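K.L.:
Listed in order, the protein sequences are those of chains F and W. Residue 1 is where the first sequence starts when you use our numbering, and the numbers rise one by one after that. Residue 315 is where the second sequence starts when you use our numbering, and the numbers rise one by one after that.
None of these hints come from the bench; they were simulated from the model. A quick note: this is a predicted structure, and the numbers were derived from the prediction, not measured. Every residue, glycine too, gets a C-beta built ideally from N, C-alpha and C. Be careful, since some hints might not be right.
[Said to hold, decoys possible] Some chain W residues close to chain F (C-beta under 7 angstroms, calculated; not the full set): (1) Arg411; (2) Phe418; (3) Ser424; (4) Leu425; (5) Asn426; (6) Arg428; (7) Thr430; (8) Ile441; (9) Ile444; (10) Gly447; (11) Arg645.
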Amino acid sequence: MTVEVRGEQLGPTEKIILDADILERPRISMVRDTLNRLLKNKVATVSAIYIIALAVAAIIAPLITPYGRDEPNFQSTRETPSAEHFFGSDKLGRDIFTRIIFGSRVSLGVAFIGSFTAMLIGVTYGAISGYFGGWVDDLMMRFVDLMFGFPTLLFIILMMLIIPPNSSTGLIMVGLFVALGLVSWLNVARLVRGQFLSMREKEFVEAAVALGASPFRIMSRHLLPNTIGPIVIWLTLSIPGLILVESTLSFIGLGVKPPVPSWGGMLAEGWRAMRTLPHLALAPGIAITLTMIAFNFFGDGLRDALDPMMRGRE
Amino acid sequence: MMSDNGNQAMVEITNLKKYFPVTQGLLRRVVGNVRAVDDVTLQIIKGETLGLVGESGCGKSTLGRTILNLHKPTSGTVLFEGTDLSGLSGHDLRSMRARMQIIFQDPYSSLNPRMTVNAIVGEPFIIHKIARGTELDQRVAQLLERVGLNPLLGTRYPHEFSGGQRQRIGIARALALNPSFIVADEPISALDVSIQAQVVNLLEDLQDEFDLTYLFITHDLSMVRYICDRVAVMYLGKIVELGSIEDIYDNPQHPYTQALLSAVPVPDPIVEDQRQRIILEGDLPSPADPPTGCNFNTRCPIAFDRCFEEEPQLKDLLPRHDIACFAAEERLQV
């Protein structure tokens, strides 16, 4: 009797050796294992490279941009894309490529810090709610339901109106972090609460209780590490969402103030000239779209890679 | 009872009840109770292995967990070496936990997938601040070796082990704090037959070595005969018969025990052909709505009027052999 394995005909002896091989799988850490599987996913890898490149570009922006951020040049206004201006220039002769790179600082910064703020609030809230359960959980989750009922954008707009209109860019950015953090922690709180609620019934948690572990230890050493996967995925999917919200806010004039560039703000400046100078709106539009797609693909890939059921098979 | 005999009780369970409320609606109004453990009185003697048998859903595991205070009892007391566990909470309860441990049924869900074996087995020492650094490493290595695992495997994760190996890791974790009492909650039912024997032998060796008392929860009656000293038969949250292995296997009195034992196959084709099987009709009634009178009256082949009106109590109808059955009472006392 022969067995077919991965397209090859193998005799019984080889089959046994193959089984032994699977049992004696080389020892690798969870992180390494996840990374291996992620790298096999081409789309996710390309997305990851794009995100890293963009993040690096945002950090070292002054070093790689050919012009100053707000540097006008009245000799070359409204230029179409060329070797001198990769993405063209606007009505003041400012280089669009330079402004896109600088704009990513605001967009990525707000999205990253907003998401991390939301994660901190949401994980803590959800962990307490899910671990203690009962009426504590009931009360805490009804509050989340209440917050969900509130229109998100309206809430952010109200929050942003509190900040005086002539504030510095820094203060507006902080306002954005807080506003976005306050509205987007709800989903992660529900996610973590659900995970904790189901995991609390697992026997390894019961074993920890039987050993005399404190609630804090059970949450931090047993429940949270087993929730990291879903949290990381939520994070990678929340960031593009916040990039879009930040762009929306800048578009309607509630984001950072000109001349500081942000993708939404540039879109707002450019869309009026869509017919004659489409690159003014297309450049930030494409930047937003590409970044969102990259984060989404990366998040999808990460979800598959973190799934322990995918271990050992591709 | 056994204590008259000069034996020392390690765990004394008195009128223990564990009801899980059934709630309805937004305000969680209690509309009923699932009587998982219903008025159990039982002593576990120091050094013995007490088997707890019964079919799925009869409350065996809940009883084991309630004894360890992993579930808060609804009422009743559990005295562990003289200390009332239900009176303890917080820090006091957590430090008591070092003396009693549990081994779980499913070796796949009882180990944290994100911790290495060293971290899992070493956790008890860290929680109770007993050892750290190189001493911790040594104690973990000793434990792994004691349960038959190569200490070099300690840096691996649970998913890299087989079911039997994982169960050994669970046993090492339970042994770490040198407990005197261990609840083994179906520790072998998820394992292959060949591995079952290994794990059972390991548990027996450890009992001799560390002077352990076991509550061995199982539905495998052939295994009970092999490793237990006494057996408690449980039906729908209540103990219906309690006695030594010999008494229960050779002279079962409760009709439920008789039916259970008649289901155990005999490895002799001639005997197997001739033996009479008692087939129970119907299913276990819902523990949320137990029958009035004797719990077993819906399926009992010999139930009579009294069984539908009164609830039989566990009585020592024979020397050191307790039975909760009116039929047995009449048979044995008249």
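K.L.:
It remains to establish, for every hint, whether it holds in the given structure.
P.N.:
Going down the list of hints, with the structure as the test:
1. Arg411: Hint on Arg411/W: holds, closest Cβ of chain F at ~4 angstroms, below 7 angstroms.
2. Phe418: Nearest chain F Cβ about 5 angstroms off; hint holds.
3. Ser424: The hint holds - Ser424/W has a Cβ within 7 angstroms of chain F, the shortest such distance being about 4 angstroms.
4. Leu425: holds, 6 angstroms
5. Asn426: holds, 4 angstroms
6. Arg428: holds, 4 angstroms
7. Thr430: Interface hint status for Thr430/W: violated (9 angstroms vs cutoff 7 angstroms).
8. Ile441: Status holds, d = 5 angstroms.
9. Ile444: violated, 11 angstroms
10. Gly447: violated, 19 angstroms
11. Arg645: violated, 42 angstroms
The structure does not agree with the numbered hints 7, 9, 10, 11 stated previously, though it agrees with the rest.
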